[in-house]
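S.K.: Sequence:
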Amino acid sequence: MQMGFGLWQEQTQKLVMTPELRQAITVLQFSSLELLDYLESETQQNPVLEVEPTFDWAELAKELRNKELPHASSGYAGTATDETQEGIRQGVTLHEHLEKQFRLLPLHQEVLRIGRYLIGNLDSNGYLTLSLEECAQALSVSAERVLQALQHVQSLEPTGVGARNLAECLRLQLAEKREVPQAIYLLIDHYLEDVAQGKITRVATRLGVSPSDVQRMVDLLKTLDPKPGRMHSIETPAYIIPDVTVERVGRDYVVIVNERSMPRLTINEFYRNLLLAKGDLHKETKDYIASKLSGALWLLKSIEQRRQTIFNVTTAIVELQRSFFEEGVRRLKPMTLRHVAEKVGLHESTVSRATTGKYAQTPRGVFELKYFFGSGVQTSSGESASAESIKSEIKRLVQEENQQKPLSDQKLAELLQEKGIEIARRTVAKYREEEHIPSSSQRKRYAE
11 MQMGFGLWQE
21 QTQKLVMTPE
31 LRQAITVLQF
41 SSLELLDYLE
51 SETQQNPVLE
61 VEPTFDWAEL
71 AKELRNKELP
81 HASSGYAGTA
91 TDETQEGIRQ
101 GVTLHEHLEK
111 QFRLLPLHQE
121 VLRIGRYLIG
131 NLDSNGYLTL
141 SLEECAQALS
151 VSAERVLQAL
161 QHVQSLEPTG
171 VGARNLAECL
181 RLQLAEKREV
191 PQAIYLLIDH
201 YLEDVAQGKI
211 TRVATRLGVS
221 PSDVQRMVDL
231 LKTLDPKPGR
241 MHSIETPAYI
251 IPDVTVERVG
261 RDYVVIVNER
271 SMPRLTINEF
281 YRNLLLAKGD
291 LHKETKDYIA
301 SKLSGALWLL
311 KSIEQRRQTI
321 FNVTTAIVEL
331 QRSFFEEGVR
341 RLKPMTLRHV
351 AEKVGLHEST
361 VSRATTGKYA
371 QTPRGVFELK
381 YFFGSGVQTS
391 SGESASAESI
401 KSEIKRLVQE
411 ENQQKPLSDQ
421 KLAELLQEKG
431 IEIARRTVAK
441 YREEEHIPSS
451 SQRKRYAE
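Count along the sequence shown starting at 1, add 10, and that's the number in our numbering.
Certain hints may be false.
What the hints assert, rightly or not - Derived lysine to aspartate or glutamate pairs resembling DMTMM-like cross-links, with alpha carbons at most 25 Å apart:
#	residue 1	residue 2
1	Lys311	Glu109
2	Lys421	Glu445
3	Lys311	Glu44
4	Lys454	Asp223
Think of the hints as simulated: they come from the structure by calculation, not from any bench. Only a predicted model underlies this, so the values are computations on that prediction, with no experimental measurement involved.
Based on the sequences and whatever the hints tell you, model everything.
M.R.: If you want it as structure tokens, here you go:
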């Protein structure tokens, strides 16, 4: 067999990842805040880029910091003092808040020293992380003296701090309440695990009370805060700037891309004129200005392409999910990246980048664009129902159930099937757990 050599032409297509294309992809996948940081960095590095004089980076940052965040819900019962609320607003840590109170107590210097040491060994939830013996050994004092100091620490606000375990934390909070049933202390010491598993009847038998009595005790425990120190935990707030706004105008929905938080970038006229001037200009200087000008133009093009892509993708989502905007989450349809990609004529990966980390402000709330994508199940009519709409229906059925005879997963599946949603019991159980809905045995209430 002989092998020969020859020349021939072959036409192929391949994607070359140029710096410009890489930049366009990067800009597209940025969230609003990430893009803002990126543009600020680019304007500092590229003298050809110029920001509109009316735009103030510092003023925007200040405005974002001063945005009022929604209050997080807490299981802590009772109204916090004005001083406590002010401390939280100013970012005072739990240790600082407790030490400020502790210094005001008329105590012996040794007790104050021990108390400050104990406060320094509280975790973020307000629990003591070392034993009394360890503290006594570290400070060369008696365990009785440490216990005395601990009792003073446990008298501080928020109630429950300084506890050595969950049972002690709950006991400290119950001490401030009136008409507390004595059996609740046995429940705390021995049957919290059984209560968590919904074994109300078993606990009632062990305590010698009725199931409804146990239920009332459990309701009382739910008003307490098992982590009293967390209200002073210092966490960096996550700001969300909607990338698009969906507004209803008449019978239609209009998509508006949010450009308020973005600076208006232009090309500096001085460098443009310098490059176009006929006078002598050093080649290295001319090449430098030309490269910066080219980079600036590509950035402006990438920003406009990002805006147009997000607009097109959001418009497609609104059209495909119109029933959601009309009637709510129960009418959310299953939708994939491919559905939107085919509608707008883009690749699925582009749609994914355009929706990840992007938020839409709608008449029904603020949602991440990814929220509208998801799988579903078949209905008897041949259509599909999304997982979110089914979860919403499960929550509704649970809210309307007879609490003395809560619906089992099998019964929930049957009720959904009656509505034309073909779903198995195990799928109902999965969706229920994802929504943090307890099982039927844990939801059961007992008659008075």
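S.K.: Compare the structure with each hint and give your call.
M.R.: Structure-based check of each hint:
| no. | hint | in the structure |
| --- | --- | --- |
| 1 | Lys311 to Glu109 | violated, 56 Å |
| 2 | Lys421 to Glu445 | holds, 18 Å |
| 3 | Lys311 to Glu44 | holds, 18 Å |
| 4 | Lys454 to Asp223 | holds, 13 Å |
Figure legend: structure checked against the earlier numbered hints; the only hint not met is number 1.
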